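Sequences and hints are given; from them, build the entire structure.
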Amino acid sequence: MLPRCREDELIVRQLSDETLVYDLKRDKAHCLNHIAASIWRHCDGSTSVAELAVMLRQQFQMPADDAVVWLALRQLQTARLLEESIELPADHRRCSRRTLIRRLGAAAAVPIVMTILAPTARAQASALCAGQFGNASFCAMFDVECTNRGLMGCMDVGGNTCDCR
Amino acid sequence: MEKLDRLGWAAGLTFVAHGVRVGIRTTDPGVLDRAASCLPFGAKPSQKECVDLLYSINVGRQRGNVKYFHMLYANDLRMVRTLYLESIFSALRHELEACVLERARRRVFLHAGVVGWQGQAIVVPGKTWAGKTTLIVALVRAGATYYSDEYAALDLQGRVHPHPRPLSIRKENGETSETPIETLGGRTGRGPLPVGTVLMTHYRPGRVWRPRQLSIGRAALQLMHYTYSARLAPERTMAVLLQVAERARTLTGVRGEAHELVNTLLDNG
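Chains A and B, in that order, give the protein sequences. Reminder that position 45 of the first sequence reads as 44 in numbering that gives the first Met the number 0, one-by-one numbering, no gaps. Reminder that position 20 of the second sequence reads as 19 in numbering that gives the first Met the number 0, one-by-one numbering, no gaps.
It is worth saying that the hints were derived from the structure and are not from the lab. Quick caveat: nothing in here was measured; it's all calculated off a predicted structure. Beta carbons: idealized from backbone N, C-alpha and C, even for Gly. Treat the hints with caution; some may be incorrect.
To be verified - Selected chain B positions facing chain A (Cβ under 10 Å, derived; list incomplete):
hint, residue
1, E48
2, C98
3, L240
What follows is the structure in structure tokens.
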């Protein structure tokens with residue numbers, strides 16, 4: 000298992016303790032803490048999971064084992080920051096941050112990848128129809144398809160107007 | 000677009016806002032004034048014919064018993080089709096707001112209220128109904144200068160500029176009224192300010208303000224959640240948000256009544 004980090008269509012900004020990544024393909028932004036960022040940077044297609052664990056122990060002077068690396072890889076895979084999908088071992092598929100913290104005894108040893116979906120400009124504009132959900136045009140007020148694409152003034156079949164509050 | 004261009008466009012106007020040039024044309028000259036009332040805050044008329052965005056309002060006619068739909072187009076994309084003309088103008092107002100703020104050339108806009116306090120800005124990001132205006136009013140009444148209750152206009156150095164449109168104060172029935180800040184005894188800020196504090200909060204009755212501070216990376220990520228230009232100009236947006244996050248302390252937490260938070264915040268500096 001030799002994971003490789005994705006490089007295409009990404010904007011990467013390295014901070015002192017964190018790394019910010021914007022995925023141009025999916026319009027998602029990620030914040031990697033120092034553990035996750037270090038693992039991601041060292042995923043070069045020729046470093047094994049065991050070697051990544053050794054790197055963590057040396058770099059951060061902290062207890063780290065394969066479980067930390069697998070947790071990071073699972074999060075990076077979910078965030079689509081790896082070049083290819085990886086097969087997670089069965090006993091690491093459900094290993095949570097909480098389990099790791101209990102075992103290793105230090106919250107700082109846990110890799111964290113936080114993700115948001117970058118909003119569209121229209122999602123920010125005030126007073127969009129309360130019934131609009133993402134790309135679907137559905138008016139919750141009238142329980143019908145929104146006739147005005149979720150903008151104010153959508154109508155039900157009786158001609159009544161939703162005021163979209 | 001050619002098909003659309005062939006319709007009988009009777010009147011139009013061009014404006015520029017934040018470096019974005021927008022045209023509006025209509026088949027009925029009688030609605031042009033109404034369309035003009037939908038322009039975003041700070042828009043100025045322009046004489047240029049070449050525009051970045053073109054909105055077209057096709058006003059439906061009534062012929063005998065047949066009533067035709069009114070339609071709004073953004074370039075060649077039909078945005079709205081409705082029998083109610085007022086819906087066209089509601090949609091136009093929101094479209095103009097979104098598109099101008101998304102495309103602004105030298106600003107990155109956040110959906111946020113802003114006040115100035117002791118030479119720095121306090122930025123309160125939040126969507127509609129989050130309680131931004133209530134908090135901004137409370138801060139102004141406590142002596143802060145008013146910058147905006149709706150948008151934080153960040154320049155490329157991460158400083159926030161005034162955008163002092165009248166406050167949209169919501170009444171109990173949900174309607175909003177436009178209230179100049181001077182009516183509330185406040186004063187408007189003038190020059191740009193560096194951001195000193197970012198408050199990520201929302202109102203819950205009875206809660207006590209016990210914030211925690213976010214790291215720089217998390218702060219920048221959360222700020223992106225309220226940004227207009229995140230998808231269109233992600234590199235520029237990230238650069239500006241990082242400048243803000245590096246300089247400001249970002250506090251997050253649920254708040255109770257606005258005046259309680261204001262007392263805590265302004266007393267602690």
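Hint by hint, which ones does the structure fall short of? Number 1 only.
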